[in-house]
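**Q** One letter stands for each residue in the lines below.
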Amino acid sequence: MWLPRFSTDRLKRKDASLSEGAPLVVAGRAGNALHVQALDVRAHRLGLYKGQPLANARAMVQALTIIPADDRHDLKLLEQIAEWCDRFTPYVAADPPDGLILDITGAAHLFGGEAAMLTHVTQKIEAQGFTVQAAMAGTASAARALAKFAPGHIAAPGAQAEALARLPVAALGVEDKIIAALRRAGLKNIGQVAQRQRGELAARFGKSFVTALEILLGQHDQPVSPRRPLPDLMAEQRFAEPIVAEGAIAASLLALAQSLSSVLEQRGLGLRRLGASFFRADGQVRRLDLKLGGASRDAARLMRLLHEKLDALADPLDAGFGFDVIRLEAMLTERTEAAITSFDSNENAKREIQYLADRLSVRHGEARVLRFVAQDTHIPEAQSAAIPAQARDFASQSQWSPRRQAGDPPLRPLRLFEKPEEVSAIAAVPDGPPLRFRWRRAPFEVMHAEGPERIAMEWWENQKPTRDYFRVETREGQRFWLYRDGLYDQSGLAPRWYMHGVFA
Amino acid sequence: MSYIELAVTTNYSFLRGGSHPQEYSERAWTLGYPAIGIADRNSLAGVVRAYSGLDQIEEKEGGAPRLLVGARLVFRDGTPDILVYPKDRAAYGRLCQLLSLGKLRAPKGECFLDLADLLAHREGLLFIVMPSKQPENLTSLLKSLGSDTWLAAVMPHRGEDRRRMAALSRMANAARVPLIAVNDVLYHDAERRQLQDIVTCIREHVTLAEAGTRLQVNAERHLKPAAEMARLFRNYPQAVAETLRFAALVTFDLGKLKQNYPHEPVPPGKTADGHLRDLTETGLCVRYPNGVPNKVRVLAEKELRFIADGGIAHYFLTVHDIVAFARSEKILCQGRGSAANSAVCYALDITAIDPNVFDVLFERFLNAERREPPDIDVDFEHERREEVIQYIYKRYGYRRAALTATVICYRSRSAIREVGKVFGLTEDVTGKLADTVWGHHGDGLSESQVRQAGSDPANDVVARARHFAGELAGFPRHLSQHVGGFVLTEDYLDSIVPIGPAAMADRYFIEWDKDDLDTLRIMKVDVLALGMLTCVRKAFHMIDTYSGAPPLELATVPQEDPLVYNMLCKADAIGVFQVESRAQMSMLPRLRPEKFYDLVIEVAIVRPGPIQGNMVKPYLKRRKQYLADRNTVFDYPKPAPPHDPDELKYVLHKTLGVPLFQEQAMKLAMVAAAFTPTQANGLRRAMATFRNVGTIHSYEQPFVDGMVGRGYDPTFAQDCFEQIKGFGSYGFPESHAASFSLLVYVSAWIKKHHPAAFAAALLNSQPMGFYAPAEIVRDAREHDVPVLHPDAAFSDWDSTLERDAQGVLCLRLGLRQIDGLALKDGEAVMTMRGDGYADFADFARRTQLGRRALVTLAEADAFRGFGLDRREGLWAVRRLPDDKPLPLFEQRSAPDQGAEDIAPLPQMPLSEHVLADYRTIRLSLKAYPTQFLRPGFDAEGFTPCARVGDLKDGSFVRCAGVVLVRQRPGEGKAIFITLSDETGICNVVIWERLFENFRKEVMGARLLLAEGRMQKSPEGVVHLMASSLTDRSADLRLLSGEILAPVAGHRHPRNVRILPPSRDFH
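Respectively, the protein sequence lines represent chains A and B. Count the first sequence with the working numbering and you get residues 1 to 504, in order. Count the second sequence with the working numbering and you get residues 1 to 1066, in order.
Bound-form chain B, shown alone (with noise of 0.2 Å):
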């Protein structure tokens, strides 16, 4: 007896289904289905999903149930929900434009259909009507949907199941049309009904307690064994069997999807092929003016051959097209991915990776058994990428061009605050359980963290909400448009996947995400922002404007500049793209770079993988002996006889026999294992995914069989298969550490010789990087640039740099550094001062700011241009009329605002100042707040933060500061925390162990008391080894001046904010 399930609607159903689409894979796998139905509601989101689940069953069993894709329609007219099965390609399509039109009428997440629309589109389709709870007469709606027509039997336990079977039969036989049996599935076994209920809740916004009727009545609504079908259905066998013969007719295989690239325009009586070839040869001999090497030219003939036969040379041309537009409108970019590693994309401009110089492995998809679809990430401009994705929507429009999806999915912190929400529990304790989640780590609370947030592990809900939170942990909760994944086609794209409006006007995107799109082969293009490039474009421009020079581009920065290296070695890095992290600066002064490729490596160490892989320490160990002897030879592993002993050498000498690089992991596999090109890339594969599946051990043994048959010591290839193993999916690829590295140097030339155009750039730029403005105004500082308060007489919208008397270049803080202030009121201000604002008064007639915004910048102490301070400011703004005045009016009520005569109001002290600075601009240029606690910081022996340094190694040291940056590196077993006060910074580590201890400390605190170990690198890398924390934030109160107030009826300092809360990276 066979059976297969049509009805399962997923959890991509969001909040209806139960079970992700793999859970069914597997188990229509064990249940012995020939194929699984997957109907997810006016939706394909989550078919890949299953497939690729399916997929991943048929490698490792060898068989697997076929997927038959189809959706479930819900229609807004009241007809009742009708599964869909396209036969064919074709109806695939037709089901898909269906969709689509549903989706593009309705707002983003919704879809409008009617009854109308599915036989406009019906050709081809297959339908199984799902009759509702209480079935009406459905005999002319059967008949209307014509010959490829069931009516679902479902035996839901309700009591009069037989009675209304007879129902439906008889319908079934008055319109002529089979009876098909379903279980109309929630999910996969019935154990998740518990689950299923909490999604219901959340869904329905109640409590479980709330919930009643809305929760399904009992757990039968899971995939059940064909035997027990067989049986419920017993008196009604054919409808089993239909399911069988149903499937029969389903011939679509979403495997066989095929996208059309895009068509470039190719001049006439040419090739794609040719064209790309021609364009290469063009580019390949601008780069190389002086000759094209013969590495070089070999390459890229091997690349175009392949791209010929893959025949995606449409591709490049498309991604050429896409950058060549960029470079027209001077918008920054930069090209990376796996096929962006290649001489080919350096000669289309795509990227500035000489394949002269670099490895550009173009095997990572150079792979004729199973095509992956190439890939090219392109970085433009954050501010201005918008141009370049209206430039591609413009060019081929929205029914061939849309946004990959990103599946947003429940974590940690969003299931607990919705779980506790269902359990009962209130918004204050879900809320503080979520907050002890750092960032999207954790799979799940720990009982520790349950204490940490003030509640009992061992309460009964408490227990239930962690334990649910950590099933729906991971579940996916709506689609978004992803950042900047394009999908372009030569058809309509809405033949191949539905897609529907995102909350963005005029913007689309698909249902399908990054990971279905490789699993289907289908291509994108990656439009992404990158802050960094805007950064350097604000630069350049400033620095073209005030020097006289010629305009600075990223290829005419000048090269290999000792200075610039010299600042980096002394880890002189903030706002540095990429290595002003605390464990990239850490790792500068033992690096001490010297050289581009230098920075190549810098920024491919501090990765998780060659962290793990333990890489770090020899590759370290062997640069330090190079520096002290450049002429030191390395021993290489060498293989028997009659294999190359060089071998090893050629693949690892640039990174002194470490393996840094993914391509060098493969490449290793090539060489010294002997695989294949097909095996290397099922190696990266299975590195990439190696967290998920667990397939890399299959490589084990091949791996090591490998390099021991070729002569090599078995424990050596043990370690090498080990340092692979580490690499995970953390690995930098060359080619991408070395289009980062282009960004490290420019950059860090920019702050070297421009500091004050290059903290402007970066204070106009942000959000971006690792600092907040306070300490890129700090740091500027310490590079002797004078820096000025934002002031509504001097200040742009923008930071700008202006001479003072002596000629000497400031940096004038913009308006935008003052927190609530809207970018039309800072640009009324910019637009009205003409050549100057005579006083106040003037100031608000002409600007016609209102209230709020006045205030706003009173409070920044903005007004000093116009001779007011902080205080006298707000009492002025005060006085002016609430809201604008009606134009009539205008004129007449300024005089009434007459001048007033009036007694001073107190001095406001300093501390006072600085920490009103802080609430308005985050910083302040005054003084530092932990400057006016030192009295008593130097009374309770604490150590100031640049002293800490001149500490013996492994003193006892107590230190306290402004907690600036907390950061875990993604699978790190330690903290990072920077605290920062009136004399500099200072780095704290906390062992992860520890941190369980001072969680509260380490997440919450504003001003922090770190005692423990001062440890020195010989390099001179000072760290702070905590052993305890504590969480003086309370001391800021002292500051305030209000100290001396009586307590009674004021808010507690901790609900005032006075310092900005840190930045924190994960």
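If we strip away everything but chain A, and leave its shape as in the complex, we get (with noise of 0.2 Å):
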């Protein structure tokens, strides 16, 4: 099954309204350009088309939703929309980017026969919001490219050859070049390519390229890539007795645990993802994902973690009539050091902020464990960002504010007021320190002052004014950062004042 519009159809099924108004255009990247990555039936009968810059797409047609491409979430309805398919047959493999294999053998005469069952099936996918093309063969590659170049054929047996023969070469399946060079040739559909000489073709373009045109004619076979992905390594146990207990079940797991770890400790492996399946003696399937902030292959630690995720579930593990199977799979891993606890304490911490990390993030969510990383600007509110603890990567190139040298007063406040607070003062001018200003109502007359450091906005952002900060000591010894907001020449008003922190 060959599902053209794809990305389209997924967007129009979550949002109704780009049915209508403007033709649909998916913007993928290619390397530093935008390209047409996808369009629906109206984009493309103006003559828009897959692969186009998308400068040159807005160039011809002026009003276009343009959406970006999101592969990943394709990936995931396509992988979905399989598993929605095995009510047809137990095996069906996606076959990204815009495909579906389904193996017929032995399901057909549920649903009166092939033809019958090749509607049946597109009707089904189509009353799902999904423009689909289909035609069966013996193998998957023909039936890949049937559906492309010729939908609704069924190839009888031993005439699937026949049936390809009209196709284009560009229906092979192959690499671009050879496509092109076929053409060249005068050889423009499969037919024309099969009478070639077996040797002829492979002197010009190599034995895989024969292997991949055997293949498509139904002269070798090719087996059907399973759905999920596999893992780097697993462990698992099988039970003669579905097990019920906790007890039992927590035995289960550690053992796993220790059993992945060891073989990861051998290989000099550590885990980023871990994923834990519950095979129920009834059929059902339990899977649990975790991720881990840093690599890891301590057993023990992964125990904790599982733990924490199984006590956090919405829905708790039900044993129900027992599990038959459970396993551990090493979904991700990464090369890591040996675990030796180092001497620097320092770095011993940072691994105890990061396990915590690890369990708080398990136990709430990703997107609820925070950390700040410097970012860097000038702008003092915008100089820390918050990201989940757990990102990859949280390491900035950029320092916290400027560096001190020994023996200098710090450049910024302990605390920074998220909302600058507005105080009225009174200050020389053109660029002279607060003398006396009132802020929360109390005045404040200061003692010392240092400055003005003088901050630009920045100005594609905005049009906000310059400010002029200054740390201030008042006659009470508090010690605050004030700015002026606008220089005295930039505007005829006189420029406000705020409060921006406190210093310890």
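No wet-lab data here; the hints were simulated from the structure. Possibly wrong hints are sitting among the right ones.
[Claimed, not checked] So, partial list: chain A residues that the calculated Cβ filter (under 8 Å) puts toward chain B: (1) Leu54; (2) Gly113; (3) Ala295; (4) Asp376; (5) Leu411; (6) Arg454; (7) Ile455.
[To be verified] Listed next, the in silico BS3-like pairs over lysine-lysine satisfying Cα-Cα at most 30 Å (straight line): (8) Lys570/B <-> Lys926/B; (9) Lys570/B <-> Lys188/A; (10) Lys224/B <-> Lys464/A.
Quick reminder that beta carbons are idealized off the backbone N, C-alpha and C, glycines included.
Fit chain to chain and form the complex, with the hints in mind.
**A** Okay, structure coming up:
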């Protein structure tokens, strides 16, 4: 099955309003340019095409709805459809980016024959809001070619080569270079290619081309690839008697974690993602997915996280009649150093924080456990940003604020107000420090001041005025960070003053 | 209170400074600075601009700040930046040498300096040490630099300024050096901070959003008024006062820079002037074997006297030497330029313009008051110019000869690309925007251009990008070597200006460009390349080979051949030098040249100057009268007595009373308005810089008054001045036009009498001229030259002439026509050929060509000589092993590839062959692409190109064809498009205002449908005045034969290059 409008159909299912109004185009990035990655039938009719530079498309059609490509969501949905298709046959494979392969051996009679099944399946998919082209053939690659270039065709056993013969060479599904070469030689359909001697073709395009051709023509078999990605490593335990007791499950998990850990140790790998699958005797499967902030293979730690996850589940693990298989899968691993506790206490503390972040994230969700990172900007309130604590590469390039030399006073306050508070102040023009000011209704008298530190706002973002910051010390010894919003000569009005932070 | 800024970074510190040097000059004047110091990053590239900026202020206002020339040295060894200012000329030379040293040891565009280098060149230099943001202890550095050292103090508004100042002050005291106030300026006005941020982003390859602290924290780094500096440094008034004391120590003045010309060897006992006089005398005797005409003798005498007064004999001897070298090597060359405009240059064989026939006007630089440097440009064959350059290097050495620089500036196109990127626009968007810019034109993007590119002009980001792209346009981006401007000196050149390496190995260029040299009156020789000279030599060589006649030379081509003029009158001029452009071709039948001087006028008249000055129509009117009756007497306005009533006639009679040449404009000023030579020269310079400065208006009153005072009609006087104004810098000097006309005549003569050799020479000299090979070949075939496809079995790299069985001379296209074929592969085909290849297998074995080259040849259908057509050739090539076999297996591999018995491949339809020909050799001898579309075109009622002229004047016509050339003359109001189909070509004109509506079609279409009225002049010049254009490029896909294949999974035909893009001229 080929879903030629897969990406746009997905978007339209989500947001029906996209079906009206401007033609819909999905834009993908290739190198440093955007191009049309998918388009709906209206855009297609206007002459836009897949792979067209987006700017060209925009020049051709002024009114376009353009949505950035989201390959991850596309793939996820394709997987879901594949899963959903298991009602037709248990052997379903997603054929990214926009195809599905169903092995219907022995299934067609349930639907009243092949033709009826083809109609039934396409109707069902269409009813879900997808444009679909489907075909049947003895091999996956032949069916794929027919679905794209001769939808609806059912290649009878033995008649596959004949069915394919009239398809253009593009249907061979080989490199563009080879297709171009075949066309240049005047071989424009598969039939013409098939007639050539195999040796003649092998000499020019290599043995693998001949193999691909033979697979297509049904002279070779090719397995359908399984749906779920295979784990890097896994450990599983099968039980003769399904287990129900919590203790038994926990013991099993620990044993599995330890064996996984030892294999990881041997290979010098650490875990970044861990999958746990619980297969119930009645056929239901429960899968858990855990992410780790830093690679680890510490069995105790993995167990802690697993328990944390199990405790936090909204719908608790229901053993029903018991699990007959429990499996741990290392979904993502990376090379790590041997787990030796460092003598550097800083290093250890960092690791402890990492563990804590993992546990909190597992319990509360990744998006809820954040940490601050320094941002490279002059704007004081933008100098830190919060990101998920588990996110990788949080070590930012930039330093926290201007670095001080020994003995210098701090340039930035310890507490920065999220929203600067307006104060009324008296100061010398044009750039003198405040002499007296009122903040939160209390008067302050400035004894010492340093400044101005002149910080201009990011002009491409907004037209906010330049600020003159002063560090001041009041008669009572409090130290504040104030700024004048705007320079004297920039506007006729007297600039306002703000309190932006408090030094310790 | 006075202040002088000494730390100024201009935009010649590329992508660091945010203002032009001239902007600093002007701001320094308005701020009342007594002087300003320019100190760019390891460079002196911007100082001359600042100098000329101040010079202009001086001229206009009668006073200006003084320029202090300096540089900011940035070291590679961690030393903080140091501003250096030379006190005197000798120290300036050392600074130049220091910078040259740093540049020569670094790759192009960089400069590697260590503190030790500075210490070695320290004599006479003043130092200002610039502490970094977090000043370290500089005491020992300050001490090591010695007495002429200052420590810079900046008020950056960083919060801790006071503490910082205190620390600096302690350091300065400890080292016993004074503090000096600077503002470390990056732009002349605070408003420029935004542009400075943008150039910082361009430099750092980041967007504004990513730039963060790489940008300046505030907008303080501009030129500040003295009072403001005094206020900022109120606790350190001495630091401000130091700037004046500092400036007083600098006595060096850039204007006093003197160059000494190389001392050409002069025979013992003679002076340079005497030697030049002797050479001139000998030359004149050779030129005029029947006696030197009096006019020439007087002229030469006057020139020699002037040359002696100016002390520039060496310059002429230098050029003479270079030209003599070229002649001895049989390299064709020809001189032009202001000083070439002379009897002396004619005598020295530098030019071929007979001063007896032409008015050579030495006054162009004959100006005693303010000496311009003499200027001679010499054109050489473009393929052999390198030999001349090498000769110059060999003769003068690398320290005495270097190329001038060319300042590569941001243009609208590059600016929008870079600025767009900074604003986060993706490359496809910026690319589209850039593509709407035509060549170098445009002062920024218009809103309609933005819309054309598919962007919304109201979009904030796009609008900003557009705005700043406009500001950035004109900023220097980097220095590059000028194509051939040489500066030669007797002393070391690197004590006049820093010299650095060019991108090319063993090539060096100075930091100043041609305008800078003009400003400082430093002389240069332009060693230029001219494709037509190469073409002429190649044609001569071919003709000599087959004709058996005595070898041809520029001077021995039969003169004033009426057949040649007849051909030109019919506008049959494709490939002919200069007159092959669209505008020239439409002028030829109107002007009807019949002698050499007519060609000179033809060359000069189709220029923006005469066109804007409204001189074309009056001239053509008179020319028509003259052609109708050769005895027509034209009226010339007369001055009042006692002035000579015929004075204007003398000036203008050769051009029938219409001033067409720059010389005439100046003579008009001198004769009719009684300008002094100085005034006239000023006028000429004002004309040349009309667009930039607008000083020409100051000459208007004296000019009109002068003429009226001598009794001319005021309206006439005003008209004359309007014409001169219209001239702008676009007028041609007569001698220049004459030099070019000689090549016009010679190339036309070859085309007329030896069309096959002419076409072959043109093809072998590509890229040059207006027309692509396809048109040259087509033109040759129309002149009955049989043309043969490039063929691996017969072709050389170059196109050649061969005789067919009947003995007819044929043009065999060379392998160089094949796109993507490397020269070395082409040469392998030639050298291994011997007595010919037996068959394809033999060819592949002997040439040992790589797979890629063989595929390229096969796709170009170049194996027909082996009996393989395009498809069979490709099929055969694909079978060969991928790479060259190892030598050991060479013999063994041959039998492995035994004969193959295979079925024939399907026949390739002709239309596909034609397309494939275009794809590979950009032309087809088999058919024309439009031929296959003709039935459809007929059905739609399109007129074939060649038939457009048969219609009635003014009739409505629709004509479709392949776009050959798009041309938009400099300031023209119209765009010319040449369409071609299987019948011929059609000239389409679209007015500027309509062009805006059809920009996309004009810029993008390969196959274009033009609809509009046909316009035919009485001389038979036909134009289609388009009212509508349609892009029909998609029709070309009908030819590929793949239209029947299903659409899915195919590349869109627009992605396939079917026809080569057109050639565009601006």
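**Q** Each hint should be assessed against the structure and marked as holding or not.
**A** Right, here's what the structure says about each hint:
no., hint, in the structure
1, Leu54, "holds (6 Å)"
2, Gly113, "violated (28 Å)"
3, Ala295, "violated (29 Å)"
4, Asp376, "holds (3 Å)"
5, Leu411, "holds (6 Å)"
6, Arg454, "holds (4 Å)"
7, Ile455, "holds (6 Å)"
8, Lys570/B <-> Lys926/B, "holds (28 Å)"
9, Lys570/B <-> Lys188/A, "violated (49 Å)"
10, Lys224/B <-> Lys464/A, "holds (23 Å)"
Comparing the model with each numbered hint stated earlier shows that hints 2, 3 and 9 do not hold.
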